[in-house]
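Colleague: The lines below spell out each chain.
There are 2 protein chains.
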Amino acid sequence: MKVQKFAVSDAAFERSPGQDADIFAANMIDQRHGGPVTIGFGRYGPDQVLEAEIAVHDTMVILEGGLSVSTEDGTLTAGPGEIVYMPKGAKVTIRAQAKGAVTAYVTYPHWQEAEG
Amino acid sequence: MKVQKFAVSDAAFERSPGQDADIFAANMIDQRHGGPVTIGFGRYGPDQVLEAEIAVHDTMVILEGGLSVSTEDGTLTAGPGEIVYMPKGAKVTIRAQAKGAVTAYVTYPHWQEAEG
Chain A
4 MKVQKFAVSD AAFERSPGQD ADIFAANMID QRHGGPVTIG FGRYGPDQVL EAEIAVHDTM
64 VILEGGLSVS TEDGTLTAGP GEIVYMPKGA KVTIRAQAKG AVTAYVTYPH WQEAEG
Chain B
4 MKVQKFAVSD AAFERSPGQD ADIFAANMID QRHGGPVTIG FGRYGPDQVL EAEIAVHDTM
64 VILEGGLSVS TEDGTLTAGP GEIVYMPKGA KVTIRAQAKG AVTAYVTYPH WQEAEG
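Taken in sequence, the protein lines are chains A and B.
Counting from 4, one number per residue, gives the positions in the first sequence under the working numbering.
Counting from 4, one number per residue, gives the positions in the second sequence under the working numbering.
Certain hints may be false.
You can't tell identical chains apart in this list, so a pair holds if it fits in one copy or across any two.
What the hints assert, rightly or not - Taking lysine to aspartate or glutamate and the DMTMM-like style, the derived pairs with C-alpha atoms no more than 20 Å apart in a straight line are: (1) Lys91 - Glu17; (2) Lys102 - Asp33; (3) Lys102 - Asp76; (4) Lys5 - Asp50; (5) Lys5 - Glu75; (6) Lys91 - Asp33; (7) Lys91 - Asp23; (8) Lys5 - Asp23.
To be clear, the hints were calculated from the coordinates, so they are not data collected in a lab.
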């Protein structure tokens, strides 16, 4: 593979699987490309909620807006420029703020294979 | 491990190894924590240059400022909210723009172990 750059404007968003909220993901690099990580962008509509057991090690960087992540240990809130790390197996409730959120994510291994 | 959040203001920056430019890295999660990825923040002073052969799969998200990455295939330029993926083995020259740059990074596997 080569060095590559990705912008949100290049992203083809699809509704995240297993839910019907306005929450979308766009893989830019994944299992189709032969590397070990999946890289992409996420987009959350205002006040949308996603409950999930995280199937892979998932690092999110908040690019716009903000969100909270709740676990049995409590709730953290993150905004632009902040990183949220969700290790494999974490049971989380992600809530977008009223302004929604845009994120960049890196997962190891590939989340589509782990969830498939 | 638990779900965690990191901000640049929490980062303890250290000069990146193998060079004496004003380029700094701050691991927030790495081999000490038992997971598969290293997560951290990078800070580049104005017009600073780093030449490297990338030892791990390295994903950078530009948070502030901007930088270019040159390889034998050409040069790409990235600014806030954009992602640069540098696969293992890539030979790169990273040049910060005049305003410098702040990045978030995720590496697989751990870069400090690969470079050590």
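Colleague: All the hints need checking, so say for each whether the structure fits it.
Modeller: We went through each hint and held it up to the structure:
1. Lys91 - Glu17: Classified as neither; 22 Å inside a copy, 29 Å across copies.
2. Lys102 - Asp33: neither (28 Å within a copy, 32 Å between copies)
3. Lys102 - Asp76: neither (25 Å within a copy, 39 Å between copies)
4. Lys5 - Asp50: Neither. Shortest intra-copy (37 Å) and inter-copy (24 Å) distances fail the 20 Å Cα cut-off.
5. Lys5 - Glu75: between (41 Å within a copy, 10 Å between copies)
6. Lys91 - Asp33: both (17 Å within a copy, 15 Å between copies)
7. Lys91 - Asp23: neither (23 Å within a copy, 37 Å between copies)
8. Lys5 - Asp23: Neither: 35 Å inside a chain and 27 Å across chains, both beyond 20 Å.
Consistency with the previously given hints fails for numbers 1, 2, 3, 4, 7, 8, ordered from lowest to highest.
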